[in-house]
Amino acid sequence: MGRKSKKNDSLPGSLDMLILRTLSLRDLHGYGIVQFIQQSSNNELLIEEGSLYPALQRLEVNGWIDGVWGVTSNNRRARIYKITAAGRKQLAVETRKYAKLTLAIAHVMGAE
Amino acid sequence: MLRRLRYWLDSGRRSEALREEMELHLAERVAELQEDGMTPEGARAEARRRFGNVGQKQEESREIWMTRFLAELGQDLRYGCRTMMVNKAFSALAVLSLALGIGANTAIYSLMESILLRSLPVADPESLVVLNWHGQPPPKGGDRRWESVVHGIQGMFWPGNKGSLVSGIFPYPALETLREENPVFSTVFGYFDGHNTTRAVRGEAVSTPTEYVTGEYFRGLSVSPAAGRLIGSEDDRPGAAPAAVISFATSQNRFGGPTNAIGQSILVDNISFTVIGVTPPEFFGVDPAKAPDLYLPLRTVLLLEGARAARQFADENFYWIEMMGRLRPGVSLAQAQAVLAPRFHQWVASTATTDGERANLPALILNPGAAGLGSLRRQFSKPLFVLLAMVGLILAITCANIANLLLARAAARRREMAIRLSLGAGRLRVVRQLLTESVMLASLGGALGVVFAIWGMRTLTFLLSFGQRRNLTLHAELNWSVLGVTAALSVICGLLFGLAPAIQSTRPDVVPALRDGRGGGQRRRAMNVLVVAQIAMSFVMLVAAGLFVRTLNNLHSVQLGYSRENILLFSLNARQAGHRDPEITNFYADLRKRFEAIPGVGSATLSHSSLISAGMAGSPIKGEMKIGAVTIEDAGVLAAGPRFLTTMQIPLLAGREIDERDQRGSPPVAVISEKMARTYFGNENPVGRRIRLVDEKRDLEIVGVSANLRYGGLKEEEESSMTMFVAASQISPERMTYALHTSGDPLRLVKSVREIVWQADSRIPVTNVATQAVEIDKTISRELTFAKLCTGFAVLALLIACVGLYGTMSYTVARQVSEIGIRMALGAQRGSVVWMVLRRVLLMAAAGLAISVPAALFASRLVKSFLFGTQPNDPATLALAGAVLLSAAILAGYVPARRASRIDPLVALRHE
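So the protein sequences, as listed, match chains A and B. Residue numbering for the first sequence follows my numbering, starting at 1 and increasing by one per position. Residue numbering for the second sequence follows my numbering, starting at 1001 and increasing by one per position.
The hints are simulated quantities; they were obtained by calculation from the structure and are not laboratory data. Remember, predicted model here, so these are calculated numbers, not experimental data. Take the hints with a grain of salt, since some may be wrong.
Interface residues of chain B toward chain A, partial, derived using beta-carbon atoms under 8 Å [claimed, not checked]:
| hint | residue |
| --- | --- |
| 1 | A1017 |
| 2 | L1018 |
| 3 | E1021 |
| 4 | M1022 |
| 5 | L1024 |
| 6 | H1025 |
| 7 | E1028 |
| 8 | R1029 |
| 9 | R1050 |
| 10 | F1051 |
| 11 | G1052 |
| 12 | N1053 |
| 13 | V1054 |
| 14 | K1057 |
| 15 | E1060 |
| 16 | I1064 |
Counterexamples of contact, computed for chain B against chain A with all Cβ distances above 10 Å [as the list claims (entries may be wrong)]:
| hint | residue |
| --- | --- |
| 17 | L1077 |
| 18 | Q1136 |
| 19 | N1182 |
| 20 | V1206 |
| 21 | N1253 |
| 22 | E1282 |
| 23 | S1443 |
| 24 | V1601 |
| 25 | R1661 |
| 26 | P1854 |
| 27 | V1863 |
| 28 | K1864 |
| 29 | G1869 |
| 30 | A1876 |
| 31 | L1909 |
Ranges of calculated distance between the beta carbons of each label pair, as one might list FRET restraints [unchecked claim]:
| hint | chain 1 | residue 1 | chain 2 | residue 2 | range |
| --- | --- | --- | --- | --- | --- |
| 32 | A | T72 | B | D1036 | 18 to 24 Å |
| 33 | A | T72 | B | L1333 | 51 to 57 Å |
| 34 | B | D1036 | A | V108 | 36 to 42 Å |
Note that CB positions come from ideal geometry on N, CA and C, so glycine has one too.
Isolated chain A (complex conformation) (with noise of 0.2 Å):
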């Protein structure tokens, strides 16, 4: 199977913001964070699943995401993370560096 190349390793650092874009439209769980990633890039971003704990971890203990327990769309008692006013603000700060670095590497592939 060709995952494992699809595997997301293009853009280090970048799973920390795809999960803060993921919780700032609502709160979830583990694995649906990762579906919800993969079913939004229709299949093509698949995140190797368990790096997004060490992520999880990483994020909360920077303050920018709480994780509380809660109950899943299937009655089962998980940890639900929901983004704090710090993990916008580093959202928006991820995003405009993403955005510079897209747009940089567009010119240089762009340029002729």
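Please build the complex by placing chain B on the supplied structure of chain A, with the hints as guidance.
Below, chain B alone, put in the same frame as chain A:
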């Protein structure tokens, strides 16, 4: 940082949560893949594949918060080290003063731990129970008799709650009653302090602390022998072969090891015993205040003390044996109390013969026995709490002082902080770094403090055990509990003195600080508050020290009426070596003559006790004494040998003193003190009058009158009590205390004394060798210790407070250089500049005093029981403490004030 610390603290719970999250993830993935048509096995494998390495991801997650925390900590520590190296003088001062404070606290705490908290070194100490009883104390004033089932005692009482009387001694039949069919105790065992016996091994005699124990004693305590076997029920019955158990230390000192001692024969008070066993090294019996070297079966008291002891076993009204019990598994102390109290009540009621006795029956109370008997705790708990409060204050003053120094230093670092903050460092991050620095200082102080503590513990143990014979059990030591407390104390101190300066110096008003690096009115206010607090605490300590020194002075100025210096005291007990009446009298008399012949001895005498401890030794005369029809009340009786008044330098006012004419067969004589003569004979000459001993059915003829003297301890309240001397040769003596008046240092003669005694009878050990001065000081050892320690503590506190005051004033002056320069340029005199600074010093001192006078008045009432001849609110002491404090404050303030007055206006203004 706090969040990270929290994560770090509950990392266990977090790991668990993480695992659960990951499992849920896998489960949901599996469920979805199955919905898509995969087999369960295939779905599981695929889910795992997509997830990656579960363990590794967990590890990574955990590391995220751990590593950052540790990395930052490392940074802070490195930076802290650099800061400390830059400010060497400051760091050294801070570490040193903290070390003193923490060391003193550690030392006192380790003593408290060893005395108040430590359990007996036996198996399952928690299930041990001490049996006590409480009852009404004898009524004050001698009119009414104390009607009680307690007709005789041999042992201790101590005050309980609400004026009741508590004791641990029982009649032997009570032990037997409680021992049979006891549903709550698995064992009940008794013991009885035999005090000192003379133990001889191969002709070498020593005085040995001895405990008589019942056959269940060692079984009840669950002690296993270091060698041989311990005393059992078979040894404690009439007719059993005399068996003895010795302490581990004794087995090493006298026999060269536990195994060598087994089967050896020893003489105890001249009766032969066989050593059957040795106790383990850590065992010291049930009372931490004592450490018996010899354990004998209870029944052998009959061999050693004869017929008198035989009566004790049957007498239901003679209280002498102490008891402990071990709870059966699952039985609580309260349950045991509920079962045994009625049983004891029933028994004790049967021993009452009159209504008065029935109205005042002892009631049984059970106390936890895990820590053994409480005599040491009763004796030391309050003094230790007082000392702990004092060293606590010292530490508080130290912390305030360092906070002050840090505040001053924060001024110097203000620019540094402002730069860090403006570069975007989080305020918490900076505070954390500053706190790391102060906790580092405190930890270094704590580490050095442990060194001070080891030294302090030795000194304290020495001071507190002053006057007691060896105190094997009172060995304070550094164990994990003590070190843990020290570590916690250091960290708390670091946070305490670091927090305020850290918050102050990271105040977000960055811009003015960057501009000129000055300002800080608030900081100065904080410093002033700290100085005032230090002054207040120092004053409380000064008052305490003043009161204790006054107490000591009062005790030292008590009129003894006899000589304190150049007297050597020592005791001999010939009876324990087998001497009997009437030969023993000659033996003692003969020894006295030999001592008197030692070169350098002016005169020698003997008495049944030293004068200072005569109150404790009991009267050598039993029963009532009458002069005509009048009963003599409250006269202290001392059995004295020839030349007692001469040796003690007590003036003789009339007649003669007791001398060698007074022999066993000659007419019994007495010498009375002036007060006694005045009380019973008015202005008549008492010489030649007679005193009737009602119980002994004989008369004493008064042959002389002595000047008044102090009989018994210094702290006894009645002014110079009446004293009566009887001839030692005319009573039946046990132990005798000799007194030698010497021309030089009394202790130089000890060797000659020992030789003479050895020649006379090698079975008699010379005990209690001391000069009269030391013997007297022993009775006030607590007051001596307190006065010394408190003076030391108060001086230390004052010193630290003065350093704080000096630092603050120097800082203030440095801040005001330009202001003072302008004032001087405008014509201010040097004197007025000095006054300007000193006025502030005095203001702070006055504020400190205003706070602490009420505090000192309140605190000193708590130590009322330690005082003698002075009131807790003694105005002279308060005034003196205030004066000392003010002069110290002025001294500390004068140096910066003088510096301020030397400011050259030109230089100051140019500097601006």
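Enumerated hints in conflict with the structure, sorted upward: Violated hints: none at all, because every hint is consistent with the structure.
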